[in-house]
Amino acid sequence: MEKTYPFYDLCIPYQKDEKALREIIKEAISLGYKTIAIEQVFDHSRRDATKRVPDIFPPPVTLKSLEDEFKNQLKILQRLTILYVDVSVAHAMTNSLNLKKYDLVAGQPKTDAALTHCCTTFAGDLVTFDTDGGVKLLVNRKAYQIGVKRGLFFEIKYGPAIRDSNVRKDMIKLAHNYCVRGKTKSIIFSSGATNPFELRGPYDVANLAYIFGLSEDQGKNAVNKACRQLFLRAQGRRIGKTFMFVRSTGPVVFSDSSDSDDADSEKAADDGSDENEEMGNFVDTNSPEPPSKKKKKLV
Numbered sequence: 001m002e003k004t005y006p007f008y009d010l011c012i013p014y015q016k017d018e019k020a021l022r023e024i025i026k027e028a029i030s031l032g033y034k035t036i037a038i039e040q041v042f043d044h045s046r047r048d049a050t051k052r053v054p055d056i057f058p059p060p061v062t063l064k065s066l067e068d069e070f071k072n073q074l075k076i077l078q079r080l081t082i083l084y085v086d087v088s089v090a091h092a093m094t095n096s097l098n099l100k101k102y103d104l105v106a107g108q109p110k111t112d113a114a115l116t117h118c119c120t121t122f123a124g125d126l127v128t129f130d131t132d133g134g135v136k137l138l139v140n141r142k143a144y145q146i147g148v149k150r151g152l153f154f155e156i157k158y159g160p161a162i163r164d165s166n167v168r169k170d171m172i173k174l175a176h177n178y179c180v181r182g183k184t185k186s187i188i189f190s191s192g193a194t195n196p197f198e199l200r201g202p203y204d205v206a207n208l209a210y211i212f213g214l215s216e217d218q219g220k221n222a223v224n225k226a227c228r229q230l231f232l233r234a235q236g237r238r239i240g241k242t243f244m245f246v247r248s249t250g251p252v253v254f255s256d257s258s259d260s261d262d263a264d265s266e267k268a269a270d271d272g273s274d275e276n277e278e279m280g281n282f283v284d285t286n287s288p289e290p291p292s293k294k295k296k297k298l299v
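According to UniProt numbering, the sequence shown is numbered sequentially starting from 1.
If you're looking for bench data, these hints aren't it; they were derived computationally from the structure. It is possible that some hints are incorrect.
Claimed, not checked - With a Cα cut of at most 30 Å, we get these calculated DSSO-like pairs of lysine-lysine:
#1 Lys136 <-> Lys169
#2 Lys3 <-> Lys149
#3 Lys19 <-> Lys71
#4 Lys110 <-> Lys225
#5 Lys3 <-> Lys110
#6 Lys75 <-> Lys142
#7 Lys225 <-> Lys100
#8 Lys100 <-> Lys110
#9 Lys26 <-> Lys220
#10 Lys71 <-> Lys26
#11 Lys51 <-> Lys19
#12 Lys183 <-> Lys220
#13 Lys149 <-> Lys34
#14 Lys100 <-> Lys173
#15 Lys71 <-> Lys183
#16 Lys34 <-> Lys3
To be verified - Ranges of calculated distance between the beta carbons of each label pair, as one might list FRET restraints:
#17 Arg168 <-> Tyr203: 15 to 23 Å
#18 Pro6 <-> Thr111: 32 to 40 Å
#19 Arg237 <-> Gln73: 22 to 30 Å
#20 Arg52 <-> Ala90: 13 to 21 Å
Cβ atoms here follow ideal geometry from the backbone N, Cα and C, with glycine treated the same way.
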């Protein structure tokens with residue numbers, strides 16, 4: 001199992017300009033983040049249905065240079081966000097090999113039917129929403145609870161809320177919807193930052209919990225514990241059923257069964273000798289024949 005360390009920012013949009021992406025990563029390190037995820041977006045609704053390809057999802061972008069540069073400072077994960085409008089995406093995800101190459105897979109529904117499918121059937125790890133287009137979809141109580149039971153997490157992005165006041169209102173509305181429908185369970189905070197200015201420190205992000213209707217503990221978990229649980233769930237989705245081998249790094253002491261067997265045998269021998277002593281009061285063990293019973297005479 002791969003190791004990750006707090007704090008987490010699981011949504012930094014990918015940019016072709018590697019220099020700009022490097023500046024965002026440096027700012028994240030200076031703020032105290034140890035694990036980040038670079039997000040790629042794929043719009044399933046705009047795919048060309050006339051072309052038959054073995055895998056419609058793109059492979060992860062190559063970030064080898066950045067991973068080597070910041071190897072000892074933070075861990076970089078790969079994330080894919082799928083935009084879709086109907087349930088046909090499920091078949092494409094089942095037959096995709098590129099999806100297993102991503103560390104995280106998020107679903108961004110565009111319709112009410114897609115939102116219900118995302119919470120109940122979507123084979124991903126995370127549910128997110130289009131912040132730039134306005135949050136017009138609100139999850140209902142039943143779908144939210146099903147998503148929590150399935151291990152899905154719901155994302156709140158604070159970066160777009162810094163850029164635009166209208167987006168800020170939508171994100172507060174979405175967060176309070178989570179509070180009313182499901183008591184803000186399985187919530188994570190991500191930046192969605194496109195430049196270093198939009199990043200905030202993990203403790204500042206945790207303080208946003210009061211604005212979004214979360215408690216202090218829920219705000220801290222949204223940038224730490226919940227993100228770790230999301231990563232572990234994603235690893236289970238990628239790997240599937242596996243075998244685990246446990247290897248000890250120190251001496252292994254096993255109990256010696258011979259001591260207990262000797263003790264049992266000695267105890268049994270002692271019990272047998274006592275029994276013979278008790279029987280000796282009635283039976284003569286040296287006599288070749290057992291004593292005969294005397295017959296009573298009738299008078």
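Take a look at whether the Cβ-Cβ distance between proline 6 and threonine 111 falls inside 32 to 40 Å. 35 Å, holds
Need the status of pair lysine 110, lysine 225: alpha-carbon distance at most 30 Å? Answer holds: lysine 110 to lysine 225 is near 29 Å, not above 30 Å.
Compare the distance between the alpha carbons of lysine 225 and lysine 100 with 30 Å, and conclude whether the hinted pair is satisfied. Measuring from Cα to Cα gives roughly 23 Å; hence the hint holds.
Can you tell me whether the CB distance of arginine 52 to alanine 90 sits inside 13 to 21 Å? 18 Å, holds
Check whether the Cα positions of lysine 34 and lysine 3 lie no farther apart than 30 Å. Status holds; Cα separation ~11 Å.
Lysine 71 paired with lysine 183 [C-alpha distance capped at 30 Å]: Status violated; Cα separation ~37 Å.
Take a quick look at whether lysine 26 and lysine 220 sit within 30 Å of each other, Cα to Cα. Status holds; Cα separation ~22 Å.
Within a Cα-Cα threshold of 30 Å, do lysine 19 and lysine 71 meet the stated pairing? Distance of about 17 Å is within 30 Å: holds.
If you draw a straight line from the CA of lysine 51 to the CA of lysine 19, is it 30 Å or shorter? Roughly 35 Å separates the two Cα atoms, so the pair is violated.
If you draw a straight line from the CA of lysine 71 to the CA of lysine 26, is it 30 Å or shorter? It holds: about 12 Å lies between the C-alpha atoms, which stays within 30 Å.
Holds or violated: lysine 3 and lysine 149, Cα atoms, limit 30 Å. Roughly 25 Å between the alpha carbons, so the hint for lysine 3 and lysine 149 holds.
Are the Cα positions of lysine 149 and lysine 34 separated by 30 Å at most? 28 Å, holds
The structure does not agree with the numbered hints 5, 6, 11, 14, 15 stated previously, though it agrees with the rest.
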